[in-house]
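With chain A fixed as given, assemble chain B with the ligands onto it according to the hints.
Chain residues, written in single-letter form:
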Amino acid sequence: MSILVLAEHQDGALAGATAHVVAAAKAIGGDIDVLVAGEGVAAVAEAAARLDGVSKVRVADNAAYAHQLAEPMAALIEALAGDYGHVLAAASTSGKNVLPRVAALKDVAQISEIIAVEAPDTFKRPIYAGNAIATVQSEDALKVITVRTTGFDAVGEGGSAGVEAVDFVADNNQSTFIKEALAESDRPELGAAKVVVSGGRGMGNGENFKLLDGIADKLGAAVGASRAAVDAGFVPNDMQVGQTGKIVAPELYVAVGISGAIQHLAGMKDSKVIVAINKDEEAPIFQVADYGLVGDLFDILPELEQKL
Amino acid sequence: MKVLVAVKRVIDYNVKIRVKADHSDVDLTNVKMAMNPFCEIAVEEAVRLKEKGVATEVVAVTVGPKAAQEQLRTALALGADRAIHVESDERVESLGAAKALAKLVEDEQPGLVILGKQAIDTDNNQAGQMLAALTGLPQATFASEVNVDGDKVQVTREIDGGLQTLELTLPAIVTTDLRLNEPRYAKLPDIMKAKKKPLDVKTPADLGVEVASRVKLLRVEPPAERQGGVKVSSVDELVDKLKNEAKVL
Ligand SMILES: Cc1cc2nc3c(=O)[nH]c(=O)nc-3n(C[C@H](O)[C@H](O)[C@H](O)COP(=O)(O)OP(=O)(O)OC[C@H]3O[C@@H](n4cnc5c(N)ncnc54)[C@H](O)[C@@H]3O)c2cc1C
Ligand SMILES: Nc1ncnc2c1ncn2[C@@H]1O[C@H](COP(=O)(O)O)[C@@H](O)[C@H]1O
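Here the protein sequences come in this chain order: A and B. All residue numbers for the first sequence refer to the working numbering, where the first residue is 6 and numbers rise by one. All residue numbers for the second sequence refer to the working numbering, where the first residue is 23 and numbers rise by one.
So here's chain A without its partners, still in its complex pose:
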């Protein structure tokens, strides 16, 4: 049975997440087609065709898919799904938005955020903020799945899949794109960074996040945050790490002024090495930290930046 992978892309470039989803598809086994839907996405399709293990890239290049709105995207995938046993997407906000809609249109359940493939119909996924891992089996003929990218190592490049156009055009008179305010940053993307430096409520205000920027610059790191820091308006929502934010698993995660609530741990406890900086030696974050430093972040951060 073949597998359809929905490509993730922004600003005309294939997102790193797709190579992880293709890896999950390889673990399931079967021919892998990648669907690239959007407007002006020829370069995305070419990049997808180079991913190892991809048999074919199907491109729906049309204004109807310009902002990946759920209604036309789901209609498109529904129209193609008949050829496949599995439909996969990254568990990004985009994949999470579109795929359950596809599943319901096909009257099948969705399996969210898988982290391992046990068999083509059996998967592991975290539940209860990652405090339990469930092994689940789908009884549906079509398996609709989102993939937690940190669970699968990205496939490499070297493939040369064929690219073919998809003519299907979904009409949509129900939803309209109005605007987007996207964060601009020269730093690596949170999900893909090798080092993540995150700040919590202990940072005190948004201005103080500059203390983290200095360290992030030296380490080539992405900067993240706890929910409390986002809620307080220190930093934008796209920086939230946790159960209901982004899931990261870098080589090194540095938590600064973060207490370590289970919802935050859910988003970072699979990091290889965890460092915690907190003035409260009882803070739960120290229970998961490989290296804990008790002290005032306002003393520690400038010294750390200087000594790195």
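Calculated from the structure, these hints are not laboratory results. Heads up, some of the hints might be wrong.
Here are the simulated lysine-lysine pairs, BS3-like style, with alpha carbons at most 27 Å apart [stated by the list, open to error]:
hint, chain 1, residue 1, chain 2, residue 2
1, B, Lys-38, B, Lys-238
2, A, Lys-277, A, Lys-312
3, B, Lys-238, A, Lys-31
4, B, Lys-269, A, Lys-199
5, B, Lys-265, A, Lys-215
6, B, Lys-72, B, Lys-125
7, B, Lys-253, A, Lys-215
8, B, Lys-219, B, Lys-72
Sample of chain A residues facing chain B (criterion: CB under 7 Å; computed from the structure) [stated by the list, open to error]:
hint, residue
9, Ala-109
10, Leu-187
11, Gly-297
Anything over 12 Å on all C-beta distances counts as not near chain B; from chain A, calculated [claimed, not checked]:
hint, residue
12, Lys-31
13, Ile-33
14, Gly-90
15, Pro-125
16, Asp-191
All C-beta atoms, glycine included, are put in the ideal place defined by N, C-alpha and C.
Relative to chain A, chain B with the ligands alone:
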């Protein structure tokens, strides 16, 4: 305009769960249960729409066991006008819940349906999108701002890169993100009044839907425990350990 809000009974978000010894599921005996936090946000938004005069009636709905009526009473105390309980003792996941909700949308004809973005037990993040598909209605997930204007609603969504604003034609489905609002607490007099508000009980059979999950739960395990590490006493020691022991610098 009528607003339908979906609420789910889940484990209280402060509770650390345990896995059953036989690995069949998570152990929920004697565990504190509560309304899913994202559903609290959904109820709050609906009640605010009513307070602004945009909504005329707020109807809270749950699909689940008898005990879930507690969460409906909470919704009523927070300002919902009436409640519908679709009673089922089966393991109901997002698709089953969405099917029951879709039938209620057909019966009730709300202008807006508000759900949480994710139930914090299964962490599925599916039901709103599925309900939108089943009803053929437009969707705006992960909302941080909702503005109803005539027969349209503008919704700002929290997406991976930042914020996105969409306009949907009503009726529509919205799911809540954390920063949509800060839910109020129920006051004692409102809790008393809520006991007298209407609560209808229906069965999935009444609605003509199947709600039991078709995904088999084969096994539940605790995650790999992380060993707590060491405390270092200075920045110098930290940098040294990261370079020479962990080798991540
Ligand atoms: C439904 C739901 C979903 C959630 N999702 C998420 C999520 O995705 N991500 C997330 O992070 N949270 C999430 N939360 C929130 C979570 O429960 C915690 O409230 C949050 O993580 C706390 O953030 P914090 O650690 O920054 O703040 P606090 O818990 O207030 O901790 C601040 C820490 O800073 C330390 N500190 C203060 N000043 C200094 C100083 N000068 N120097 C050193 N240390 C200092 C304090 O000792 C303290 O430990 C969610 C909650 C709910 C209910
Ligand atoms: N059994 C249920 N009864 C009522 N609403 C539900 C139920 N399950 C899910 N929902 C709604 O759908 C949202 C998302 O849940 P889920 O997609 O299952 O993670 C929840 O916040 C509720 O608003």
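Going through the hints against the structure:
{"no.": "1", "hint": "Lys-38/B to Lys-238/B", "result": "24 Å, holds"}
{"no.": "2", "hint": "Lys-277/A to Lys-312/A", "result": "22 Å, holds"}
{"no.": "3", "hint": "Lys-238/B to Lys-31/A", "result": "23 Å, holds"}
{"no.": "4", "hint": "Lys-269/B to Lys-199/A", "result": "13 Å, holds"}
{"no.": "5", "hint": "Lys-265/B to Lys-215/A", "result": "24 Å, holds"}
{"no.": "6", "hint": "Lys-72/B to Lys-125/B", "result": "23 Å, holds"}
{"no.": "7", "hint": "Lys-253/B to Lys-215/A", "result": "25 Å, holds"}
{"no.": "8", "hint": "Lys-219/B to Lys-72/B", "result": "17 Å, holds"}
{"no.": "9", "hint": "Ala-109", "result": "4 Å, holds"}
{"no.": "10", "hint": "Leu-187", "result": "4 Å, holds"}
{"no.": "11", "hint": "Gly-297", "result": "5 Å, holds"}
{"no.": "12", "hint": "Lys-31", "result": "23 Å, holds"}
{"no.": "13", "hint": "Ile-33", "result": "16 Å, holds"}
{"no.": "14", "hint": "Gly-90", "result": "16 Å, holds"}
{"no.": "15", "hint": "Pro-125", "result": "14 Å, holds"}
{"no.": "16", "hint": "Asp-191", "result": "14 Å, holds"}
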